[in-house]
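> Please put together the full structure from these sequences, using the hints given.
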Amino acid sequence: MSWSDALAVLSGLFAGLLSGFIGIGGGLAFVPIMTIGFRFPQPLAQGTSLAAIVPTAIVGGITHIREGNVLLEAAMWMGGGGVVGAILGALLAIQVPGHVLARFWGAFLVFSAWRIGWGALRSATGAARHPLPGPPPEGGA
Amino acid sequence: MIPLQVMWLGVSQRHANANSLVAIIPISIAALPIYLFLHARPQVDLHFALFLIIGSVVGAYAGARLLNRVPDRELKLAVGALMLAAGFKELVFP
Chain A
1 MSWSDALAVL
11 SGLFAGLLSG
21 FIGIGGGLAF
31 VPIMTIGFRF
41 PQPLAQGTSL
51 AAIVPTAIVG
61 GITHIREGNV
71 LLEAAMWMGG
81 GGVVGAILGA
91 LLAIQVPGHV
101 LARFWGAFLV
111 FSAWRIGWGA
121 LRSATGAARH
131 PLPGPPPEGG
141 A
Chain B
1001 MIPLQVMWLG
1011 VSQRHANANS
1021 LVAIIPISIA
1031 ALPIYLFLHA
1041 RPQVDLHFAL
1051 FLIIGSVVGA
1061 YAGARLLNRV
1071 PDRELKLAVG
1081 ALMLAAGFKE
1091 LVFP
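These protein sequence lines map, in sequence, to chains A and B.
For the first sequence, my numbering assigns the number 1 to the initial residue and increments by one for each residue that follows.
For the second sequence, my numbering assigns the number 1001 to the initial residue and increments by one for each residue that follows.
FYI, nobody ran anything at the bench for these hints, they're computed from the structure.
Hints are supplied without guarantee of correctness; some may be wrong.
Among the chain B residues that face chain A by a calculated CB cut under 7 angstroms, a handful are [what the hints assert, rightly or not]: (1) Gly-1010; (2) Ser-1012; (3) Ile-1029; (4) Tyr-1035; (5) Leu-1038; (6) Phe-1048; (7) Gly-1059; (8) Tyr-1061; (9) Ala-1064; (10) Asn-1068; (11) Pro-1071; (12) Met-1083; (13) Ala-1086; (14) Pro-1094.
Simulated coverage check for chain A against chain B, where a stretch passes if three residues somewhere in it have a Cβ under 8 angstroms from a Cβ of chain B [said to hold, decoys possible]: (15) 17-29; (16) 33-47; (17) 60-70; (18) 103-109; (19) 113-123.
Think of the CB as a built atom: it goes at the ideal place given N, C-alpha and C, for glycine as much as any other residue.
Take a look at the structure:
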């Protein structure tokens, strides 16, 4: 086992942890690790990432089901729709330049991050500014 | 899939993350043959993938077990931070 193999195991551990916790396939971490860290060409990094995602998602998904985290019917609909969406996306990617798609995707991610992250932050500060009413002070009216 | 579930359907962050990972199973299985068979030569480094998988299945199990131990608000912040970083990366280096 070479240093490169050991680094691959550590990279996999990090990407897998992110995958199981956040619910992403892991490609978000796998691909940059391979292209930047190991100088893989982009298509090879994407294909290798996908090969690693299949068992990662199976182990993470089964663990989530056993932990009671999954709305199974919704997940099955999403999986089926996702397969169709992936095919349509691949066809769209042939027609539209890659950098345009990437920018649309980036804008969607930033918008979603704002809606989800900012909403969570605001709920906490709102709770601090408007605390729940407590018992009346002693001796008060 | 995660933001659409949380923003439009009102699904909790915990369920959205877990549903997404389960839905990725058939999607990744359907997409893998494209990289294995439809290119002039397979675009998969099986040796490297094997060592990635050794780490990633352990990580995925630990990450999935961790999900239940983190409150929804902190989970939303973690998801938001990751999406923000990934979104800016795509906008600046498409």
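> Confirm or reject each hint.
For each hint, the structure was consulted:
no.	hint	in the structure
1	Gly-1010	violated, 12 angstroms
2	Ser-1012	violated, 9 angstroms
3	Ile-1029	holds, 6 angstroms
4	Tyr-1035	holds, 3 angstroms
5	Leu-1038	violated, 10 angstroms
6	Phe-1048	holds, 6 angstroms
7	Gly-1059	holds, 2 angstroms
8	Tyr-1061	holds, 5 angstroms
9	Ala-1064	holds, 4 angstroms
10	Asn-1068	holds, 6 angstroms
11	Pro-1071	violated, 10 angstroms
12	Met-1083	holds, 4 angstroms
13	Ala-1086	holds, 5 angstroms
14	Pro-1094	holds, 3 angstroms
15	17-29	holds (count 11)
16	33-47	holds (count 7)
17	60-70	holds (count 8)
18	103-109	holds (count 6)
19	113-123	holds (count 10)
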